[in-house]
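J.: Please work from the sequences and hints to get the whole structure.
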Amino acid sequence: MSQRLREELLFMAVLAGLMGAALYMATGYPFTARLMPQVVAIAVLALLSVESVLTVRRYRAARRSGDPASDGEHVGDTGNEPVWGAKFRRTAPYLGWLAALYLGIYLIGLTASAAIFTVAFCRLVGKMSWLAALLGTGLLMAALFGLSEAFNMRWPVGYFFDPFR
Amino acid sequence: MLAAAFDALALVLDPSRLVFMLLGISVGLVVGILPGLGGVVGMSLLLPFVYGMDPHAATAMLIGMAAVIATADTFPSILIGVPGSAGSQATILDGYPMAQQGKAGRALSAAFSASLIGGLVGALVLFAILPIARPLVLAFQSPHLFMLTVLGLCVVGLLAGKYPFRGILATLIGIMIAMLGSAPATVTFRFVGDSIYLMDGIPLAILAMGLFAVPEIIDLLADNRAVSRVKEVSSGWKDGVRDTLQNRWLVLRSAALGVAVGAIPGLGGSVVDWLSYGQAVQSAKDKSGFGKGDVRGVIAPESSNNAKEGGSLIPTMLFGIPGSGTTAVLLGGLILLGIQPGPSMLTSDLSITLTIVWTLALANVVGAFACFLLSRPIARLSTIPAAKFAPFLLIVMMVGAYQNTNQWGDLIAFIVIGLFGWLLKTYDWPRAPVLIGFVLAPSIERYLTISASRYGWTWLTDPIVIVIGVLAVAVVVAGVRAKRKGLGES
Amino acid sequence: MNNARHHASRFARHSLSLAVAAGLTFGVAANSHAELTGFYEGETLEILTPWAPGGGADTWGRYIAGTIGPFLGDDVSVQVVNRPGAGGVQGTNEFELRTASDGMTVMLQSAGQVFPFMYGSSAVRYDFRNYEPIVAMAQGGVVYANAELGIEEPHELWDVDQLIYGEVSPQAIGSMTLAAFALLDLPHDAIFGYESRGPARLALEQGETNLDFQTTSAYTANVEPLVEEGIAVPLFSLGIIDTDGELVRDPAFPDMPTVAEVYEERHGEAPSGVAWDAYRAVLSAGSIKMLWAKSDAPEDSINDLRYAFEQARQDEDFIADSEEANGPYEWLVGDDAYTAMSATLEISDEALDYLRATFKERYDADL
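Chains as they are written, first to last, in the UniProt record's numbering: chain U, 1 to 165; chain E, 1 to 490; chain X, 1 to 367.
Some hints could be false.
As the list claims (entries may be wrong) - Under the rule of at most 25 Å between Cα atoms (straight-line distance), these lysine-lysine pairs were calculated in the DSS-like manner:
1) K127(U) x K388(E)
2) K292(E) x K425(E)
3) K292(E) x K238(E)
4) K425(E) x K87(U)
5) K388(E) x K425(E)
6) K388(E) x K87(U)
7) K87(U) x K127(U)
For the record, the hints were derived by calculation from the structure and aren't laboratory data.
T.: Written out as structure tokens, the structure is:
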């Protein structure tokens, strides 16, 4: 079994688990409230079992016909590449950036972390010049400031402080 | 009524009022272009200024804002594959592939010209049928509304992609996501435990951005490339306009559909573009290009989502029943101005009604031209490597997401759905059906509950129900056929 | 940031506020709004509105924001801040847990947060009884029927074969009508699931239902034309709770009997007992909109707010405007506001049990 097929089946298993949980949770609801989610969840479970069989068969057929895309890693081709492996290694840094941004927002609020995030990302990943990075960030900050002043829009405030508030 | 119409035009064109309309249009353009922000946010931004304003100026401002959103929200849909607001979800399906092929300019120009015509048709129809629309709106009872939502759901059959089972599954998963939160007709909160955030369910804007934007940004960054896979981007201005003119019947048909669906209270504007897209696929002789950058897949939804605004004002003004979130806030604004929407909109408040019609028309023209002017510089976005614009886009989207309820839950839902969408994309599951299921689920459940508890089973024999049912089956059959043909070719 | 200044101004006016403080020390506040202290001068008062913009309560809040400023002092701006979520519970929880007690924020109450509070929802973190009442307004509504039923008077309702009433959910604002039906012991079928009262009205016009309720503003704009056309027939009003906590005729419909009068006509005596208590609790929960301040907010702020509304309700222009926008309903200030609301806030366990049992039996709903 190729890594990709294993992942796809795992994905479907997780979906099935969620549906099972939904079925279980819905048992306590009044009839009108549980009818629709229960019917849909059962349909999803049934279709998932069909789809998992179809998926396995598709992979087998592809292997028989010698389609190289069914296993192995292919950079740049999102078609049949498994997540675990090269794709994850390519993607992980950006997921890390995202996590850092969220942590920043949680700790010091959106405005401050957005400013730090954009400058850092533009410099380190975008390889932009200091001028361009600061200019872009400045424009973004000005836009945020304008929106909050003119229209009373709000952003998340940090756990500790929000220097721009 | 014509004389009154020209009096109203003079009212609207009075410079002191025109300024407010232009202000509304500019806010609408900004709100439309920024992903995650839509009509509701735009209305909320303008509402604080309304109290005490001249009623004509204030309505011109609010309507001007609402009218251009459906034009401006095309930018993110085409350029980065993110729906700019609820109305332009279907535009992604073909608009984004066009941008990837370097045809962003052409797609945008086709979209804007279609929007322009659709918007004008919407305003015209609004004017023409307002006096006679009352019985039309009253014709649709709960069983009919139920069947119309089912019809909308069947459109999924036309877009299901390579694996039909996955299309159906994705729709059902969308329905299950919509089940989060309060259930209609009872006081039950489903599947939310103690989370107060989830009690209202996931906001549509967040689901749409999460499903489409986050996966796209992650993959663009990981592959270190720009949206457009080709270096050179042809401007394609004239081509786009020519596309629209060549498909003029499609434009008009989509506009008519947009007005009609918009006018039915309770169906909601967010289905319009999907229905319109389905209609375009179904009526096309050569269906093979859809989903891969067929310009008709851009023209149809864009025409109908502008026309929808005219339609959704019919129940709002005649019955005081908002047809969408945007018109709900508009309703509040009108009440603040001392105008109680209802039958009086055709008698004592007629001048306000006509102001709304004129504003709708003027704003569509102004908005389309503004977008044309903006499109050349903004279209270049599709050739810039993602690493240079991703951080800004991400922040803008998070700010947009946060405006939905101003809770941390917005940001968490955004990223959780984003990762889920990324898995769907990676494992080759279609994402559009998730959105359709999500949008239609509340109406399906609501109208099924009402139909069953009011009519038992007898509603199934209603002639209109049967007609729509047959139509729904026809859509599914056409979808399956198109799929077979498509499979035969590959 | 502004706290320092407030403190300063508070000390400066200490002697003045003593009198106010005396009135506030026990229980519910007294109506001791002596004169304006100028607490809000040059400041912005925020009205925390726990719903998205556009609804009836939000519009009421915005009406206040647009009109009360001059009564609060020079250069006072008043702003509506929307914090939607969970039907109003989220924003009100936030008011309880996170809003500073600096007097700069008042909270708008309407049916959305009151029903979960009254029924003891686990999501609720607030208790209105711990807040200071500022101002309230009770706005009623009318129960009417489709003319095809062929009835003209409320007492004929009991002769109709099938009454079909359209409703949003058993805990929505229309549950005032359901409680009225329970009090009157009126047999009917309730169809739940309509998106809001607007579509329910449409359903009556279509003949999908034949009995409906609309609030005053919606009734005046959209049902009265139907009555004139002979499509709808008005039956009775829900009534209004006055400053003594009594149910009186709705000033917007002085010729229409109230629920209590319909009851009296049928039974020969005024309504009383647990069903009557339950009805009044649901009625004040559903029909009263109110502003509350935090009880530990500066006394001057509470004094000024009450004083401003007291002045406003005596101002002819203000009242004329208000009648146009809100209907001919009274502004109840301070204690009066609390009294009007007390049927809900101090509902007895018996009345609650009665409501739960009735709604369970009739509609299979767990309140």
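J.: Determine for every hint whether it applies to the structure shown.
T.: Against the structure, the hints come out as follows:
Between K127(U) and K388(E) the CA atoms are separated by roughly 8 Å; this keeps the pair inside 25 Å, and the hint holds. In summary, the hint linking K292(E) to K425(E) is supported, as the alpha carbons are separated by about 16 Å, within the 25 Å threshold. Note on K292(E) and K238(E): the hinted pairing holds, with a Cα-Cα distance of about 21 Å set against a maximum of 25 Å. Restraint check: the Cα-Cα separation between K425(E) and K87(U) comes to about 13 Å, which is no more than 25 Å; the hinted pair holds.
Straight-line distance between C-alpha atoms of K388(E) and K425(E) comes to about 23 Å, which keeps the hinted pair within the 25 Å bound. With a C-alpha separation of about 21 Å, the suggested pairing of K388(E) with K87(U) holds against the 25 Å cut-off. A hinted pair counts as satisfied when its Cα atoms are at most 25 Å apart, and K87(U) with K127(U) qualifies at roughly 22 Å.
Violated hints: none; the structure is consistent with every hint.
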